[in-house]
Structures are given as C-alpha cells and as structure tokens.
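Asker: Construct all of the structure, not just a fragment, from the sequences and the given hints.
These protein sequence lines map, in sequence, to chains A and B. In terms of my numbering, the first sequence is residues 4 to 117. In terms of my numbering, the second sequence is residues 863 to 975.
Simulated from the structure, these hints should not be mistaken for lab results. It cannot be assumed that every hint is accurate.
[Stated by the list, open to error] Subject to a maximum C-alpha distance of 20 Å in a straight line, what follows is the list of computed PhoX-like cross-link-like pairs (lysine-lysine): (1) A:Lys60 with B:Lys864; (2) B:Lys918 with B:Lys932; (3) B:Lys864 with B:Lys932; (4) B:Lys904 with A:Lys12; (5) A:Lys73 with A:Lys60; (6) B:Lys918 with B:Lys864.
[Unchecked claim] Derived, one-sided and incomplete: chain A residues facing chain B with beta-carbon distance under 8 Å: (7) Gly43; (8) Thr57; (9) Tyr103.
All C-beta atoms in this analysis are idealised placements derived from N, C-alpha and C, irrespective of residue type, glycine included.
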Amino acid sequence: NAGVTQTPKFRVLKTGQSMTLLCAQDMNHEYMYWYRQDPGMGLRLIHYSVGEGTTAKGEVPDGYNVSRLKKQNFLLGLESAAPSQTSVYFCASSYGGQGYNEQFFGPGTRLTVL
Amino acid sequence: QKEVEQDPGPLSVPEGAIVSLNCTYSNSAFQYFMWYRQYSRKGPELLMYTYSSGNKEDGRFTAQVDKSSKYISLFIRDSQPSDSATYLCAMSDHGGGSYIPTFGRGTSLIVHP
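Answerer: Encoded structure:
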C-alpha cells in the first residue's frame, strides 16, 4: 500500500498563476483533508471532505477550492496564487468513524509563490 | 486564544534526559487526545492516543490527560537523538458525529548526543 501520496512534491509559481495539488489514498478512507503548515503556526485546516462528492470549509479556506469526485482523490486548487500562499501543504485521510479518527498524512507539497 | 495551546520551543535536551511535552486546551468537550510526531520534511504520524482521562504507556512514551485542568502531557524517557522531531498534540470531541481534530502548533524537540 502506498498510503497517502501527493503530487507534486515541489512547485514554484508566480503571483496570479493557478495550480492544482493532487492527493490520492489507497486505504478506502471516507475522510480526506487539506492542511497548510507554516513556521510557528502549526497545521491549519483548509478544506475537508467526509465522503465522495462532499466538501467543507476548514479554518483557512479563502483562496482555495477543492473537489472530491472520486473517493480516493482529493484535489486542492489555487485559482490565483498569492505570496501569502507560500507554505507546505499536507493532505491526510482517515477512516472517519467513531473514536480517535487517526489521520494518515502524505509527504507534503512545498509551494513557493513569487 | 486558540482552542489548543502548545509551546513551540525549541526544547533542547541531552541524550538520556526525560522530556515533558505539554498542551493546554479550552474546549471541555474534547474526549480524544492524540500525539503526532513529525520528522523534518515529513508528514506527521500518530504516536499515541488516549481517551478521556488517565495515562497510557508505550515503551519509552507515556501520555497523560488531566481533564480537570484541561492539560495533557507526553513524557519521553531515556530520550534518544532519533526522538528529535516536532511533536503535535491533537484533540477531538464527539460533537455532531464529526471527529475533525484540533491541532496544537507543535513543539520542536532536539535531543543532542
């Protein structure tokens, strides 16, 4: 099992450009999440999904859109990138049932917006 | 004030020391308490979890929850250089069937030989 994979691993964008980050999981998890991690800020939830075809806003959703057309994939889009979106982006998935709902994280995507 | 507070450190200790990592929280509805470990340039991985109050031990690691004080701790005995990482606490409740955790900012731990 590959677990949670993220594409790409690194990306440099210019202000105003758009891009899509792809997350894939092979654990048949219901829940999927997108976080950003900045120095001193910890993990901040951008958007999440509790099942195929569903999405919901997290703590910092502005400037991002998401889609969950297939259960195993969760896409994060930046329509018009800004330097404030320079960050490390982590995707995670979880079973989503009762209990501690362990999250499994991908390796991250390092995005720089110039 | 964030729901979960965690000192970002860094915390630097010599090899063999006992390490204490802590988080405080404000939401009394939190029932599940987790510790994730994140190595440099990697994604976080679940280290331990506890439900409600009490202690849980796993090898050199002990997780402790004090719900009356809204305070959780992770103790590492006989710390090793390989324990150098960022430790994030996370908490969740049962509300509305959603178990989305709330994370602390993480504490950077450095164990030097």
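Asker: Now tell me if each hint is right for this structure.
Answerer: The hints, checked one at a time:
1. A:Lys60 with B:Lys864: At roughly 18 Å apart (the allowed maximum being 20 Å), B:Lys864 and A:Lys60 satisfy the hint.
2. B:Lys918 with B:Lys932: Holds: B:Lys918 and B:Lys932 sit about 17 Å apart, inside 20 Å.
3. B:Lys864 with B:Lys932: Holds - the C-alpha atoms of B:Lys932 and B:Lys864 are around 13 Å apart, at most 20 Å.
4. B:Lys904 with A:Lys12: OK: B:Lys904 and A:Lys12 at ~11 Å, within 20 Å.
5. A:Lys73 with A:Lys60: 18 Å, holds
6. B:Lys918 with B:Lys864: 26 Å, violated
7. Gly43: Interface hint status for A:Gly43: holds (6 Å vs cutoff 8 Å).
8. Thr57: This hint is violated: A:Thr57 lies away from chain B, its Cβ roughly 12 Å from the closest one there, beyond 8 Å.
9. Tyr103: 4 Å, holds
When held up to the earlier numbered hints, the structure conflicts with 6, 8 and fits the remainder.
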